Amino acid sequence: GAGVSQSPRYKVAKRGQDVALRCDPISGHVSLFWYQQALGQGPEFLTYFQNEAQLDKSGLPSDRFFAERPEGSVSTLKIQRTQQEDSAVYLCASSLENTVNQPQHFGDGTRLSIL
Amino acid sequence: AQKITQTQPGMFVQEKEAVTLDCTYDTSDQSYGLFWYKQPSSGEMIFLIYQGSYDEQNATEGRYSLNFQKARKSANLVISASQLGDSAMYFCAMREGQGTYKYIFGTGTRLKVLA
Chain A
42 GAGVSQSPRY KVAKRGQDVA LRCDPISGHV SLFWYQQALG QGPEFLTYFQ
92 NEAQLDKSGL PSDRFFAERP EGSVSTLKIQ RTQQEDSAVY LCASSLENTV
142 NQPQHFGDGT RLSIL
Chain B
207 AQKITQTQPG MFVQEKEAVT LDCTYDTSDQ SYGLFWYKQP SSGEMIFLIY
257 QGSYDEQNAT EGRYSLNFQK ARKSANLVIS ASQLGDSAMY FCAMREGQGT
307 YKYIFGTGTR LKVLA
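Top to bottom, those sequences are chains A and B.
Residue numbering for the first sequence follows my numbering, beginning at 42 and increasing consecutively.
Residue numbering for the second sequence follows my numbering, beginning at 207 and increasing consecutively.
What the hints contain is simulated information worked out from the structure, not anything from laboratory work.
The structure presented is a predicted model; accordingly, all values stated were derived computationally and were not measured.
Watch out, some of these pointers could steer you wrong.
[Said to hold, decoys possible] Label-pair ranges, simulated between beta-carbon atoms:
(1) B:Met217 <-> A:Ala79: 20 to 26 Å
(2) B:Thr266 <-> A:Ala43: 22 to 28 Å
(3) B:Ser234 <-> A:Thr140: 17 to 23 Å
[Stated by the list, open to error] Here are the simulated SDA-like pairs of lysine to any residue, each with C-alpha atoms no more than 20 Å apart in a straight line:
(4) B:Lys222 <-> B:Lys276
(5) B:Lys318 <-> B:Ala287
(6) B:Lys209 <-> A:Ser99
(7) B:Lys209 <-> A:Pro144
(8) B:Lys209 <-> A:Leu101
(9) B:Lys276 <-> A:Asn142
(10) B:Lys276 <-> A:Leu101
(11) B:Lys209 <-> B:Thr233
(12) A:Lys119 <-> A:Pro49
(13) A:Lys98 <-> A:Gly113
(14) A:Lys98 <-> B:Gly305
(15) B:Lys209 <-> A:Val141
Each residue gets a CB set at the ideal place from its N, CA and C atoms; glycine is no exception.
Chain A with its partners taken away, still in its complex shape (with noise of 0.2 Å):
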């Protein structure tokens, strides 16, 4: 596609059920990024990866949180159980390559409200 799509564009949920959120890169990109915004501030990293593999998820706060991409084209980004202080902008970013000149792409995110 044009761009980094991702859905749903809102998600509502109440605390303690388990949510999916998707991520449809940039054809031909092979890195793939989690971030988590939340209100009022900037993106913190989830996690990433290159192609299939899941090569750093150190930025996930809980084993709640879980993340895969098993074709090596989109990712899903799953929380389970979820509770308030899960509620933000789940914005996904991929780039054509790794390296440190090369911008990433974001998504217009995921926002995910938890009653």
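Guided by the hints, dock chain B onto chain A, whose structure is given.
Just chain B now, kept in the frame of chain A:
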């Protein structure tokens, strides 16, 4: 630890004037990249400009330029001839030169262009 600091929570500028958004960074890496992104109220992160740590000249992209002062560890964004459409959040980010190459973001500056 790597860190990005944006000390201006909000800025106002008159239409057609220039404005400087401040960004300082802290890193022990020799190789790193500095990026600026624009985030309108709709939420997408739009890449504006990149500066590499070894670049000797300041980066420019149209109305955007980056005032890079390596010794002071600053990477200020200059927007010339401001337009109403420039009103948005602006984030400075650093990409480390090794490992995951993830972004570290500042807290952002909200720019309002006045007619």
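Cross-check of the supplied hints:
Hint check: B:Met217 to A:Ala79, Cβ distance near 22 Å, so the stated range 20 to 26 Å holds. Distance hint check for B:Thr266 and A:Ala43: the Cβ-Cβ separation is about 26 Å, which falls inside the suggested range of 22 to 28 Å. One distance hint, 17 to 23 Å for the beta-carbon pair B:Ser234 and A:Thr140, holds here, with the actual separation near 19 Å. Using a Cα cut-off of 20 Å, the hinted pair B:Lys222 and B:Lys276 is violated, with the two alpha carbons roughly 29 Å apart.
About 13 Å separates the Cα atoms of B:Lys318 and B:Ala287, which keeps this hinted pair within 20 Å; it holds. Note on B:Lys209 and A:Ser99: the hinted pairing holds, with a Cα-Cα distance of about 17 Å set against a maximum of 20 Å. Restraint check: the Cα-Cα separation between B:Lys209 and A:Pro144 comes to about 18 Å, which is no more than 20 Å; the hinted pair holds. Of the pairs offered as hints, the one joining B:Lys209 and A:Leu101 holds, with about 19 Å between alpha carbons and a cut-off of 20 Å not exceeded.
Pair hint B:Lys276 plus A:Asn142 holds up; C-alpha atoms about 17 Å apart against a cutoff of 20 Å. Of the pairs offered as hints, the one joining B:Lys276 and A:Leu101 is violated, with about 32 Å between alpha carbons and a cut-off of 20 Å exceeded. Of the supplied pair hints, the one linking B:Lys209 and B:Thr233 holds, its CA atoms being roughly 7 Å apart against a limit of 20 Å. Annotation: proposed proximity of A:Lys119 to A:Pro49 holds, straight-line Cα distance about 13 Å (limit 20 Å).
A threshold of 20 Å between alpha carbons decides the hint, and for A:Lys98 with A:Gly113 the separation of about 16 Å falls inside it, so the pair holds. With a C-alpha separation of about 12 Å, the suggested pair A:Lys98 and B:Gly305 falls inside the 20 Å cut-off, and the hint holds. As the CA atoms of B:Lys209 and A:Val141 are separated by approximately 16 Å, the hinted pair is consistent with the 20 Å bound.
Hint check: violations occur at hints 4, 10; the rest are consistent with the structure.
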